[in-house]
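**Q** Sequence:
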Amino acid sequence: MTEPGEPTPNLTGSVSAVVDTPSRQVTSSQTAPHDDLERQLLRHAQRPFAKPIAAYNREAFDFVAGRLASIERPLILDSGCGTGDSSRLLAHRYPDHWVVGVDRSADRLSRQRADTPSNCLLIRADLVDFWRLAHEHNWEPVHHYLLYPNPEPKPRHLKRRFHAHPVFPTFVALGGRIESRSNWRIYLEELAQALAFHGRASHIETIPADEPPMTLFERKYRASGQALWRLISIDK
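Counting in my numbering, the sequence shown runs from 1 upward without gaps.
Derived by calculation from the structure, the hints in this document are not laboratory data. Fair warning: there could be bad hints in the mix.
Distance windows between CB atoms, simulated [said to hold, decoys possible]:
1) Ile232 to Arg58: 37 to 45 angstroms
2) Gly175 to Ile204: 18 to 26 angstroms
3) Glu211 to Ala173: 25 to 33 angstroms
4) Gly225 to Val142: 32 to 40 angstroms
5) Lys154 to Arg39: 17 to 25 angstroms
6) Ala45 to Pro117: 31 to 39 angstroms
7) Ile204 to Ala106: 31 to 39 angstroms
8) Glu136 to Ser29: 21 to 29 angstroms
9) Ala173 to Pro22: 34 to 42 angstroms
10) Asn138 to Gln25: 38 to 46 angstroms
11) Thr31 to Glu72: 43 to 51 angstroms
Note that the Cβ used here is the ideal one computed from N, Cα and C, for glycine as well.
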């Protein structure tokens, strides 16, 4: 879901499947935030993203909105939730909140476990449309998680990263406490740069080795001995 002439972004999110083989470190010829990121941010800030919203994404959003309207609770978004393990964890952690996990892969979401809490909703939708609909309907998540997105580490694939996509201003406008995790620190450094462009401060820290993993990817990366980081941005 991009502007005409731009490559389709890989905005699928966090988890695919459990892989028993060791996970490889992210490798890239890029050793610092991309030189072209600032230009992309300026371009997208000046030209609102106006691609039509797909009907199936609107239907998915309307279904979730109807459920949320049944009981008033604070909202947590888990964008790119994969199989939904992180969403379930968050729902158990915050039983008085709604937790909405969104992923565009029907295959990943079909692996839903039987123990999904009643305050957890898992929905198939494209985040590019779902975020715009959420903003259009004045959603105000208190927490917004973006866990282990595909880092697209090749420099020529910058536009496939969330923070370099035209929808990023909408992501920021939704507000709330943002937390993103990655095993490639440069990805989070770019995200911090993009948030700062839109007036939001953030910090990056190492995830403690004894902290329980939130996703299958996090468990896999840690088992492979990789360093893991998280970015946190508090909405003022």
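**Q** Now, for every hint given, state plainly whether the structure supports it.
**A** Structure-based check of all given hints:
1. Ile232 to Arg58: 37 to 45 angstroms: 32 angstroms, violated
2. Gly175 to Ile204: 18 to 26 angstroms: This hint holds: roughly 20 angstroms between Cβ atoms.
3. Glu211 to Ala173: 25 to 33 angstroms: Between Glu211 and Ala173, where Cβ atoms are some 30 angstroms apart, the hint holds.
4. Gly225 to Val142: 32 to 40 angstroms: 34 angstroms, holds
5. Lys154 to Arg39: 17 to 25 angstroms: Check passed, 18 angstroms falls within 17 to 25 angstroms.
6. Ala45 to Pro117: 31 to 39 angstroms: 38 angstroms, holds
7. Ile204 to Ala106: 31 to 39 angstroms: 33 angstroms, holds
8. Glu136 to Ser29: 21 to 29 angstroms: 39 angstroms, violated
9. Ala173 to Pro22: 34 to 42 angstroms: Holds: the Cβ-Cβ distance is about 39 angstroms, inside 34 to 42 angstroms.
10. Asn138 to Gln25: 38 to 46 angstroms: Cβ of Asn138 to Cβ of Gln25: about 41 angstroms, so the range 38 to 46 angstroms holds.
11. Thr31 to Glu72: 43 to 51 angstroms: 48 angstroms, holds
When each numbered hint is compared with the structure, violations occur for hints 1, 8.
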